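Based on the sequences and whatever the hints tell you, model everything.
Chains as they are written, first to last, in this note's numbering: chain A, 51 to 154; chain B, 431 to 621.
Treat the hints as calculated values from the structure; they're not laboratory data. Just so we're clear, the structure is a prediction, and the values are computed from it rather than from any experiment. Check the hints yourself; a few may be wrong.
Taking CB as the label site, the calculated pair distances span [stated by the list, open to error]:
1. A:GLN103 / B:THR474: 21 to 27 angstroms
2. A:VAL130 / B:GLN493: 33 to 39 angstroms
3. A:ARG120 / B:GLY484: 51 to 57 angstroms
4. B:ARG478 / A:THR112: 27 to 33 angstroms
5. B:GLU473 / A:VAL150: 42 to 48 angstroms
6. B:SER530 / A:VAL150: 53 to 59 angstroms
7. A:ARG137 / B:THR499: 44 to 50 angstroms
8. A:ASP142 / B:GLY507: 49 to 55 angstroms
9. B:GLU534 / A:PRO118: 49 to 55 angstroms
10. B:GLY484 / A:THR112: 27 to 33 angstroms
11. A:THR139 / B:SER530: 51 to 57 angstroms
12. A:GLY126 / B:THR533: 57 to 63 angstroms
13. B:GLU473 / A:GLN103: 23 to 29 angstroms
All residues carry an ideal CB built from backbone N, CA and C; glycine is no exception.
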Amino acid sequence: MAGTVIGEGLSVEGDITSDEEVVVQGNLRGKLTSSDAVSIGSGGVVQADVAGQSVSSAGQVTGDVSAPERVDIQAGGRLVGDVRAARFTIADGASFKGAVDMEV
Amino acid sequence: MSQSSIIGAGTVVRGNLEGEGSLEIHGRIEGDVTMTGEVLVGETGAVRGSISAGRVSVYGAVQGDLSGTEAVLLERGAKVVGDLTAPRVGIANGALVRGSVRTEGEAAPAQPKRVAAPTPVAKPAGAPALKSAPFVAKPVAKAEPKPPVAQALAAAAPAPRPKEPERRPPPPVLPSLGKGAKGKKKKDRDE
Numbered sequence: 051m052a053g054t055v056i057g058e059g060l061s062v063e064g065d066i067t068s069d070e071e072v073v074v075q076g077n078l079r080g081k082l083t084s085s086d087a088v089s090i091g092s093g094g095v096v097q098a099d100v101a102g103q104s105v106s107s108a109g110q111v112t113g114d115v116s117a118p119e120r121v122d123i124q125a126g127g128r129l130v131g132d133v134r135a136a137r138f139t140i141a142d143g144a145s146f147k148g149a150v151d152m153e154v
Numbered sequence: 431m432s433q434s435s436i437i438g439a440g441t442v443v444r445g446n447l448e449g450e451g452s453l454e455i456h457g458r459i460e461g462d463v464t465m466t467g468e469v470l471v472g473e474t475g476a477v478r479g480s481i482s483a484g485r486v487s488v489y490g491a492v493q494g495d496l497s498g499t500e501a502v503l504l505e506r507g508a509k510v511v512g513d514l515t516a517p518r519v520g521i522a523n524g525a526l527v528r529g530s531v532r533t534e535g536e537a538a539p540a541q542p543k544r545v546a547a548p549t550p551v552a553k554p555a556g557a558p559a560l561k562s563a564p565f566v567a568k569p570v571a572k573a574e575p576k577p578p579v580a581q582a583l584a585a586a587a588p589a590p591r592p593k594e595p596e597r598r599p600p601p602p603v604l605p606s607l608g609k610g611a612k613g614k615k616k617k618d619r620d621e
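Shown next, in the form of structure tokens:
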């Protein structure tokens, strides 16, 4: 079970700080920081800077994304913002606009 | 479809949450929560802000007002500093509350039903005139001496009967004596 679930139909306006897995299926406006995995579902709409151990998104994200491990944009996902991660994948069918910093 | 949301024990939210469906709070929230469904504040949950929902159940700590369109329930271990407003308010043994409680809404029918039910059983051959029995019976039951708080709560209920004042306990007469003086007077009487 995921530690924290922002379900479909829930809107959060503010900062979320967590040390466990966070799943966003709803709306988030503000900032999201977790020391564990962050995943944004296909229905998720995030207007926030997202930081997690790893970030995986199938939803819509507007904001900078950073993860020491990896960032994945899944098919259907949309990301507008800068990405900072050791590994970064953009699936076929995903859209992305922004800069990438992979710490080479 | 609105699914349920969970704020885990290791999560802190600074801001407001609003939406449909139910929400479980096991972490910390500093902000207001507004939901259409059920909000549950778990044992590890702590909310600083108001919660309004269809149904609010609290096992943890809340500093803020709670209002439910259906019910507000404080379970054992709950610590609430704030006002409670709902048609049904439940405070379990072991729950701590500091604030005012108001039960308002449509849950009131529960009591009149209880009063009305025995009447037809007791008098099955009741004439139409007897139909008014529940209304008569109610003020009689009400005439029992009640603490001031209960009286204030009952003020919203049907009009009081003129007979009622006779059965009321006499108004408290407080002698305008100091604390020490009162004690002394009693002692004098005993001797």
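Results of checking the hints against the structure:
1. A:GLN103 / B:THR474: 21 to 27 angstroms: Roughly 22 angstroms apart at Cβ, these two residues keep to the hinted range, so it holds.
2. A:VAL130 / B:GLN493: 33 to 39 angstroms: For VAL130 of chain A and GLN493 of chain B the Cβ distance comes to about 38 angstroms; the hint holds.
3. A:ARG120 / B:GLY484: 51 to 57 angstroms: 40 angstroms, violated
4. B:ARG478 / A:THR112: 27 to 33 angstroms: 29 angstroms, holds
5. B:GLU473 / A:VAL150: 42 to 48 angstroms: 43 angstroms, holds
6. B:SER530 / A:VAL150: 53 to 59 angstroms: Holds: the Cβ-Cβ distance is about 56 angstroms, inside 53 to 59 angstroms.
7. A:ARG137 / B:THR499: 44 to 50 angstroms: 48 angstroms, holds
8. A:ASP142 / B:GLY507: 49 to 55 angstroms: 51 angstroms Cβ-Cβ, so the 49 to 55 angstroms window holds.
9. B:GLU534 / A:PRO118: 49 to 55 angstroms: 52 angstroms, holds
10. B:GLY484 / A:THR112: 27 to 33 angstroms: Since the Cβ atoms of GLY484 of chain B and THR112 of chain A sit about 32 angstroms apart, the hinted range of 27 to 33 angstroms holds.
11. A:THR139 / B:SER530: 51 to 57 angstroms: Holds, since THR139 of chain A and SER530 of chain B (Cβ atoms, about 56 angstroms apart) stay within the stated range.
12. A:GLY126 / B:THR533: 57 to 63 angstroms: 48 angstroms, violated
13. B:GLU473 / A:GLN103: 23 to 29 angstroms: 27 angstroms, holds
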